[in-house]
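So the protein sequences, as listed, match chains A and B.
Counting in this note's numbering, the first sequence runs from 1 upward without gaps.
Counting in this note's numbering, the second sequence runs from 1 upward without gaps.
Keep in mind that a hint or two might mislead.
Cβ-to-Cβ under 8 Å is the rule here; a few derived chain A residues that face chain B [unchecked claim]:
| no. | residue |
| --- | --- |
| 1 | K30 |
| 2 | G45 |
| 3 | V148 |
| 4 | A167 |
| 5 | V175 |
Derived coverage of chain A by chain B (criterion: at least 3 residues anywhere in the stretch with Cβ under 8 Å from a Cβ of chain B; other residues may be distant) [stated by the list, open to error]:
| no. | stretch |
| --- | --- |
| 6 | 107-121 |
| 7 | 152-164 |
I should point out that these hints are in silico values taken from the structure, not numbers from a laboratory.
From the three backbone atoms N, C-alpha and C, an ideal C-beta is built for every residue, glycine too.
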Amino acid sequence: METFRTVLDVLSVFVLPSIIVGFPLYGLLKKVPVYEEFVEGAKEGFNVAVMIIPYLVAILFAIGMFRASGALDFLIDGLRPVLGWAGIPPEVLPMMIIRPLTGSGSAAIVLDMIQQFGEDSLLVKMAATMFGSTETTFYVIAVYFGAVNVKKTRHAVPAGLTADVFAMIFAVYVVRWLFG
Amino acid sequence: MLNYIWAGLIIFSLVFAMVHDLRDLSRDTYRNGEPLPVTLRFPEGYDPSARRVPVSVAIDPETYGAFYGVETRPAASYDGVLLQTRDGRQLRFARDASVPEPLATVREVTSRRDHDLRGAVGALSFRSDSLAAAAVTFPPVRFVKMNAIAAAALDFADTAVTLALGLIGTLALWMGLLRIAEKSGMLFSLVRVTQPLLRPLFPGIPKNHPAFAMIVLNLTANMLGLGNAATPLGIKAMEELQTLNPKKDTATNEMVMLLAMNTASVQIVPPVLLVAIMGLQINQLFFSILIVTFFSLLVAIGTTKALGRMKRFRETDPNRDEA
Numbered sequence: 001m002e003t004f005r006t007v008l009d010v011l012s013v014f015v016l017p018s019i020i021v022g023f024p025l026y027g028l029l030k031k032v033p034v035y036e037e038f039v040e041g042a043k044e045g046f047n048v049a050v051m052i053i054p055y056l057v058a059i060l061f062a063i064g065m066f067r068a069s070g071a072l073d074f075l076i077d078g079l080r081p082v083l084g085w086a087g088i089p090p091e092v093l094p095m096m097i098i099r100p101l102t103g104s105g106s107a108a109i110v111l112d113m114i115q116q117f118g119e120d121s122l123l124v125k126m127a128a129t130m131f132g133s134t135e136t137t138f139y140v141i142a143v144y145f146g147a148v149n150v151k152k153t154r155h156a157v158p159a160g161l162t163a164d165v166f167a168m169i170f171a172v173y174v175v176r177w178l179f180g
Numbered sequence: 001m002l003n004y005i006w007a008g009l010i011i012f013s014l015v016f017a018m019v020h021d022l023r024d025l026s027r028d029t030y031r032n033g034e035p036l037p038v039t040l041r042f043p044e045g046y047d048p049s050a051r052r053v054p055v056s057v058a059i060d061p062e063t064y065g066a067f068y069g070v071e072t073r074p075a076a077s078y079d080g081v082l083l084q085t086r087d088g089r090q091l092r093f094a095r096d097a098s099v100p101e102p103l104a105t106v107r108e109v110t111s112r113r114d115h116d117l118r119g120a121v122g123a124l125s126f127r128s129d130s131l132a133a134a135a136v137t138f139p140p141v142r143f144v145k146m147n148a149i150a151a152a153a154l155d156f157a158d159t160a161v162t163l164a165l166g167l168i169g170t171l172a173l174w175m176g177l178l179r180i181a182e183k184s185g186m187l188f189s190l191v192r193v194t195q196p197l198l199r200p201l202f203p204g205i206p207k208n209h210p211a212f213a214m215i216v217l218n219l220t221a222n223m224l225g226l227g228n229a230a231t232p233l234g235i236k237a238m239e240e241l242q243t244l245n246p247k248k249d250t251a252t253n254e255m256v257m258l259l260a261m262n263t264a265s266v267q268i269v270p271p272v273l274l275v276a277i278m279g280l281q282i283n284q285l286f287f288s289i290l291i292v293t294f295f296s297l298l299v300a301i302g303t304t305k306a307l308g309r310m311k312r313f314r315e316t317d318p319n320r321d322e323a
């Protein structure tokens, strides 16, 4: 287990450098004008970044307002009985609600919970597992669909959120099973 | 769907902010206009003609609790200055003094730029040369949440632009590298190796299409916790899928699948940010995250396939006519 971890750690350190060096090197061997092609491709980066701005603004300002309004406290109070029934501790509820909305916000929650319950607590392990297992779904939707100007996202939101909800519930049970 | 969620977020924030503010008003949470009794200690003595006198403010915890009707209690004393202004005496707490709620909110709202809590001070009744009892009236606070949501909307609009522009560098780097990989034929080999695995999930992508390569690179970067690399690769994959899309403003089933697999990606290495937060503890979580993401990936794939078959989403499928 420990060696497996070490191998993975080392591997993940080498992935980026080997791609950044490997791609141009391979291109050179295949007689591709690497510098010219790189610049040609990189031009696109700017356009894509500018293209996603309206989508990101739309999503983020709505989420920002929602967080600032204190609506979350109402939501958390309302959902508490449902959670008790499913065996989910109410302390991790803020994490479950914030996670799909903002990445920095949910990171702040993990930090806050570490302060409150200690690094070793089951609650922090649950919250951290939730953080590691899911994505900032709304941000990903804004960026990925924004980049190609797709406005009608069809079942992307329900599919992404269903996966998130399941991941969060799994996280509670798996952490309890492994450490509890 | 996104239309309703988006409008819902905005409308509900207005409703909740209004409920919150009206409750504050009816409960008089901030005791607007009421003076709070405090004890002022003048370490350098009190000079009535001086414009600025340093002062240390003590608030009796019991009085504070009863005055605001809260459980929070103030610290033993706070540093500040007593200012002689044209409108009378003003007490200014030191910048960023850790005052308890609801005073923290009063400071946040009334002294947004300087972060020094201010209040008007009434008559001083001296008990000795350096000790006086006084009453402080803080500026009135109303509609906290209403102001907060308006400020948040503007703030986050800025944040969105900063975020997007912050992506330019990594985007450019990856787009450049990918272009080399494309021209050198590397992506084509990747497509051939991985498409047997991916075709069942993305049936709409024709054989040997470069989209497969981008999807594989994106999912791999995600698995290894390389968020910075995964985003440009995912965008590139989306662009490839868009070339196959007959209706450019609508998502295809393949796009939704890619998105769902991204949000529920298997994490062999946890995301960099979490590693930074958890430090060594991450070693224990690595296994739980792996198990959870494995199952949630299955759920994501299943849900996406199932939803795609629903009548509502089948009718909006850009590829419907051809199918």
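Hint check results:
1. K30: This hint holds: K30 of chain A lies near chain B, its Cβ roughly 4 Å from the closest one there, short of 8 Å.
2. G45: With a minimum Cβ separation of about 3 Å from chain B (threshold 8 Å), the hint on G45 of chain A holds.
3. V148: Hint holds; V148 of chain A Cβ to chain B Cβ min 4 Å, cut 8 Å.
4. A167: Cβ of A167 of chain A sits 4 Å from chain B, so the hint holds.
5. V175: For V175 of chain A, the interface hint holds, since the closest Cβ of chain B sits about 5 Å away, which is under 8 Å.
6. 107-121: holds (count 6)
7. 152-164: This one holds; 12 residues, not fewer than the three required, reach chain B with a Cβ under 8 Å.
Hint check: no violations occur; every hint is consistent with the structure.
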